[in-house]
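Model the full assembly from the supplied sequences, consistent with the hints where possible.
The primary structure of each chain is shown beneath.
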Amino acid sequence: DTGVSQDPRHKITKRGQNVTFRCDPISEHNRLYWYRQTLGQGPEFLTYFQNEAQLEKSRLLSDRFSAERPKGSFSTLEIQRTEQGDSAMYLCASSPPSTANTEAFFGQGTRLTVV
Amino acid sequence: AQSVTQLDSQVPVFEEAPVELRCNYSSSVSVYLFWYVQYPNQGLQLLLKYLSGSTLVESINGFEAEFNKSQTSFHLRKPSVHISDTAEYFCAVARRGSNYKLTFGKGTLLTVNP
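Protein chains in written order, with my numbering: chain A, 115 to 229; chain B, 18 to 131.
Be aware that a few hints might be false.
Stated by the list, open to error - The calculated SDA-like cross-link candidates involving lysine to any residue, where the alpha carbons are at most 25 Å apart (straight line), are: (1) 118(B) with 212(A); (2) 118(B) with 202(A); (3) 125(A) with 62(B); (4) 128(A) with 152(A); (5) 86(B) with 63(B); (6) 66(B) with 126(B); (7) 118(B) with 138(A); (8) 66(B) with 119(A); (9) 123(B) with 123(A); (10) 123(B) with 159(A); (11) 123(B) with 176(A); (12) 118(B) with 128(A); (13) 66(B) with 89(B); (14) 185(A) with 169(A); (15) 86(B) with 25(B); (16) 118(B) with 141(A); (17) 171(A) with 115(B); (18) 123(B) with 47(B); (19) 128(A) with 165(A); (20) 66(B) with 27(B); (21) 118(B) with 119(A); (22) 171(A) with 158(A); (23) 118(B) with 176(A); (24) 125(A) with 142(A); (25) 118(B) with 184(A); (26) 86(B) with 46(B); (27) 123(B) with 199(A); (28) 128(A) with 203(A); (29) 118(B) with 173(A); (30) 185(A) with 210(A); (31) 118(B) with 89(B); (32) 125(A) with 228(A); (33) 185(A) with 117(B); (34) 118(B) with 131(A).
Claimed, not checked - Short derived list, chain B residues pointing at chain A, Cβ under 8 Å: (35) 61; (36) 63; (37) 119; (38) 123.
No wet-lab data here; the hints were simulated from the structure. Quick caveat, the model's predicted, so the values are computed rather than measured. The C-beta atom is built at its ideal place from N, Cα and C for all residues, glycine as well.
Have a look at this one:
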């Protein structure tokens with residue numbers, strides 16, 4: 115499978131617990147993005163990696179959120195002390211090194227429900 | 018900063034009818050424009066994009082969109098829809114020369130009825 119892979123697909127957690135999501139981008143894609151999509155809204159940008167460097171973070175990414183991309187391959191998104199407002203679909207996307215026709219390829223997402 | 022407005026949250030149409038999904042954007046800099054489609058329980062898939070050149074772009078499944086710089090619009094059209102086109106459609110922009118960070122609209126749910 116050569117697409118963007120996200121794990122888990124679904125996560126139910128109790129308020130206050132920590133959760134971690136994983137994203138495996140398409141091989142050779144050096145750019146990786148995390149987005150959050152809530153019900154009735156379009157995806158909102160969270161953060162961007164180029165290789166292992168986190169180059170941009172949205173103000174949506176509070177102190178409880180942390181993302182990493184060790185060695186420039188897979189990425190993890192951790193949410194500490196989850197709140198009900200964190201319930202959303204978390205989408206990962208990757209794209210190849212900048213070319214004239216770069217596009218972002220999305221994974222199927224991880225749906226988080228905080229109860 | 019960029020913003021995207023999709024004027025219709027839901028568009029119901031009958032099969033084989035034409036459809037237009039409207040998208041307007043706001044940006045102080047030049048942008049790339051995209052339409053993504055999301056089928057139920059699936060991720061986003063790129064439908065078509067405008068980077069440069071001809072302002073009319075087409076997808077392989079019959080959709081087309083036209084970039085109108087003066088009206089800052091990028092409306093999506095299809096002359097005859099199928100039931101399988103039922104999905105949520107998102108318009109998005111990215112600042113030219115940027116890291117391709119996308120700013121999305123809220124989406125339009127297209128429902129094609131028999």
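Here is how each hint holds up against the structure:
1. 118(B) with 212(A): holds (12 Å)
2. 118(B) with 202(A): Holds, at roughly 19 Å.
3. 125(A) with 62(B): holds (23 Å)
4. 128(A) with 152(A): holds (18 Å)
5. 86(B) with 63(B): Holds. Residue 86(B) to residue 63(B) sits at ~21 Å (cutoff 25 Å).
6. 66(B) with 126(B): holds (19 Å)
7. 118(B) with 138(A): holds (18 Å)
8. 66(B) with 119(A): holds (23 Å)
9. 123(B) with 123(A): Holds, at about 22 Å.
10. 123(B) with 159(A): With a Cα-Cα distance of about 13 Å, the restraint between residue 123(B) and residue 159(A) holds, given a limit of 25 Å.
11. 123(B) with 176(A): holds (22 Å)
12. 118(B) with 128(A): violated (31 Å)
13. 66(B) with 89(B): Holds: residue 66(B) and residue 89(B) sit about 15 Å apart, inside 25 Å.
14. 185(A) with 169(A): holds (15 Å)
15. 86(B) with 25(B): Distance of about 21 Å is within 25 Å: holds.
16. 118(B) with 141(A): holds (20 Å)
17. 171(A) with 115(B): Since the Cα atoms of residue 171(A) and residue 115(B) sit roughly 14 Å apart, the hinted pair holds (cutoff 25 Å).
18. 123(B) with 47(B): This hinted pair holds, its Cα atoms lying about 21 Å apart.
19. 128(A) with 165(A): Roughly 33 Å separates the two Cα atoms, so the pair is violated.
20. 66(B) with 27(B): holds (22 Å)
21. 118(B) with 119(A): holds (19 Å)
22. 171(A) with 158(A): holds (12 Å)
23. 118(B) with 176(A): holds (19 Å)
24. 125(A) with 142(A): Measuring from Cα to Cα gives roughly 28 Å; hence the hint is violated.
25. 118(B) with 184(A): With Cα atoms ~21 Å apart, residue 118(B) and residue 184(A) stay inside 25 Å; holds.
26. 86(B) with 46(B): Holds. Residue 86(B) to residue 46(B) sits at ~12 Å (cutoff 25 Å).
27. 123(B) with 199(A): holds (18 Å)
28. 128(A) with 203(A): At roughly 16 Å apart (the allowed maximum being 25 Å), residue 203(A) and residue 128(A) satisfy the hint.
29. 118(B) with 173(A): holds (14 Å)
30. 185(A) with 210(A): holds (16 Å)
31. 118(B) with 89(B): holds (19 Å)
32. 125(A) with 228(A): holds (8 Å)
33. 185(A) with 117(B): Holds - the C-alpha atoms of residue 117(B) and residue 185(A) are around 21 Å apart, at most 25 Å.
34. 118(B) with 131(A): violated (30 Å)
35. 61: holds (4 Å)
36. 63: holds (5 Å)
37. 119: Interface hint status for residue 119(B): holds (6 Å vs cutoff 8 Å).
38. 123: It holds, given that the least Cβ distance between residue 123(B) and chain A is near 5 Å, below 8 Å.
In this structure, the earlier hints numbered 12, 19, 24, 34 are contradicted, and the remaining ones agree with it.
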